[in-house]
Amino acid sequence: MTVGRSLSAHDLSLAYGDRMVVQDLDVQVPPGRITAIIGGNGCGKSTLLRALVRLMRPRAGHVVLDGRALHERPTKEVARIVGLLPQSPIAPEGIAVADLVGRGRHPHQGAFARWSAHDDEAVAEALDATGIAHLSDRSVDELSGGQRQRVWIAMALAQQTDILLLDEPTTFLDVAHQIDVLDLLTDLNRQRGTTIVMVLHDMNLAARYADHVFALRDGAIVAAGAPAEVITPPVIRDVFELDCVVIEDPLSGAPVILPRGRHHVPPVPAAGGSADAAQGRPAEEPA
Amino acid sequence: MTSVAARSGLARRVAAARRRRSRRRLVATGLLAFAVAVAFALTLMVGDTFYPPGEVIRVLAGEIVPGASFTVGELRLPRAALGLLAGLCFGMAGVTFQGILRNPLAAPDVIGISAGASAAAVTGIVLLSLDEAAVSLLALGGALGTAATIFLLSHRGGFAGTRLILIGIGVAAMLNSVVVFVLSRAAAWDLQAATRWLTGSLNAATWSAVVPTALACAVLIPLLISQSRALAALRLGDDSAAALGVRATPTRVLALLAGTALLAFATAGAGPISFVAFMAGPIAMRLVGPAPTHLVSSGLVGALLVLAADLVAQFAFATRYPVGVVTGALGAPFLVFLLIRLNRSGGSA
Chain B
1 MTVGRSLSAH
11 DLSLAYGDRM
21 VVQDLDVQVP
31 PGRITAIIGG
41 NGCGKSTLLR
51 ALVRLMRPRA
61 GHVVLDGRAL
71 HERPTKEVAR
81 IVGLLPQSPI
91 APEGIAVADL
101 VGRGRHPHQG
111 AFARWSAHDD
121 EAVAEALDAT
131 GIAHLSDRSV
141 DELSGGQRQR
151 VWIAMALAQQ
161 TDILLLDEPT
171 TFLDVAHQID
181 VLDLLTDLNR
191 QRGTTIVMVL
201 HDMNLAARYA
211 DHVFALRDGA
221 IVAAGAPAEV
231 ITPPVIRDVF
241 ELDCVVIEDP
251 LSGAPVILPR
261 GRHHVPPVPA
271 AGGSADAAQG
281 RPAEEPA
Chain H
1 MTSVAARSGL
11 ARRVAAARRR
21 RSRRRLVATG
31 LLAFAVAVAF
41 ALTLMVGDTF
51 YPPGEVIRVL
61 AGEIVPGASF
71 TVGELRLPRA
81 ALGLLAGLCF
91 GMAGVTFQGI
101 LRNPLAAPDV
111 IGISAGASAA
121 AVTGIVLLSL
131 DEAAVSLLAL
141 GGALGTAATI
151 FLLSHRGGFA
161 GTRLILIGIG
171 VAAMLNSVVV
181 FVLSRAAAWD
191 LQAATRWLTG
201 SLNAATWSAV
211 VPTALACAVL
221 IPLLISQSRA
231 LAALRLGDDS
241 AAALGVRATP
251 TRVLALLAGT
261 ALLAFATAGA
271 GPISFVAFMA
281 GPIAMRLVGP
291 APTHLVSSGL
301 VGALLVLAAD
311 LVAQFAFATR
321 YPVGVVTGAL
331 GAPFLVFLLI
341 RLNRSGGSA
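Same order as they appear, the protein sequences are chains B and H. The first sequence begins at 1 in the numbering used here and counts up one residue at a time. The second sequence begins at 1 in the numbering used here and counts up one residue at a time.
Bound-form chain B, shown alone (with noise of 0.2 Å):
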């Protein structure tokens, strides 16, 4: 069902005001794969992501879908195609989570629709993948963070798209449950083919869980490619300015970034004395 969905985006500017943040950019989303878009605080990838999914029009250039312009194609089309999951979305007060998850079917549904056997269907489909099944009759509002993480992407699943945006997926999530929903959108990639773009802070996640990552920087790409020719020591001081060292994940063969902080230089052979104690303590710091 993915065969031929096509986004990119040329000579895309977009601005807040009048503050330009991203200028003249050119992406192709690589169809049926993982996309990461890395970059660092206000680069611009989130606005990126937004206006992949008509969240934001252009200052100039287009984004353009299957071969034609976003803006000039009715939201709703455009809703049944491309799926986001916003950074913050906010969850009506005491909805049952079947009733959240059905809200995805907003795009299948006229102004007056009554509900389908299939809406139903997409809803229990879209519940088993995301393994909330049990949870289904709960109130929204008792779930614990993960578990609501799951019901807003159990949510984009039931809006049945090709192509799935992410915006920062994993963030306010403890380290197992970020594996756990990045684990549940491979499945979804592999499963279904469905092509997969977030925005990822962690750049060890984005290098292990990404078929491509963009690396973007001041609203430009920096660097795109595979994960291993774009996590390297030179973009990374490139794009946040910070210097690493890049090892192999012994259990995915991806590339892990160490950063250098100040305190953390190379241990000089035989020098014996503790590397703190050269450098010197910041002074807020309690001894």
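If a hint is listed, it holds; no wrong ones were tucked in.
Which bits of chain B does chain H cover? Going by a derived footprint, with three or more residues having C-beta under 8 Å, they are:
1. 51 to 65
2. 87 to 98
3. 123 to 135
To give an idea of the chain B side of the interface with chain H (calculated C-beta under 7 Å), a few residues:
4. Thr75
5. Lys76
6. Ala79
7. Leu84
8. His106
9. Pro107
10. Asp120
No lab work stands behind these hints: they were computed from the structure. Remember, predicted model here, so these are calculated numbers, not experimental data. Don't be surprised by glycine CBs; every beta carbon is placed ideally from N, CA and C.
Given the coordinates of chain B, assemble chain H onto it according to the supplied hints.
Below, chain H alone, put in the same frame as chain B:
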């Protein structure tokens, strides 16, 4: 993932639970409608002379019943109809504002939009001697103008709810003083009219006051209902709604305009009946429970509040008070209660 059979079982379970929840909402809304019908019937039956249901029905069917035809047909029926329609309008307008601005304090009677309609209407009646239709239109202008002013004053790269509410409260105070000023300029001090424009009253209910409100309901309520699915999506946040294919700004503008207009027509007919728009939505949410939309249930709660408060205001005391005195007495503690609750939950209930 589980087998196809297990999943279709799950789909059946999900569907059954969804139907159960929607049936529960339907029953609650039905009970509300029944309570409104009872209050409406009581308004027709109770008064200086009590008319039993049989006689009231004969009057409604168009028969000439000595005494009852005039009292019920000409006095009580317009009063009950105006109470019902104004209550529906206030309730629906209130919950629309509260939902879109995501704050129960953002009701149009708290943020000054009712006061805008009221100030325009009282000016039209007292100073310009306009007829009912012209007064309704002037009230609409006053409400829209006030709404536009509040939104423009509080807009600073998006709407912050609290700023809008505080500015609205200030605007409301100013406009209420306009109402008092205009009333004090009236040639003959008419207490009846004064209370109507200060707190809202059904005492002046006539068919000519009912008609504009009824027409507004006929046009605007279906319009609001047609937007309710999009508004339900907006409650998930703008980004989620947009990703679901909802055009956030047009939906919001249309719904706020419709809500403002409903409120303006009801205010032109019955005055700004205190706190009904503010109380109806939160009460409906507690009675019906979580639902995609509380539009109809809030309208019914609004109608019930107005009709029941009017019965209390007329007959519970030695003196007949205007309905707004009773809703105001209910609304003020409710406001305090909500403020305390909002304060506890950190400002987002």
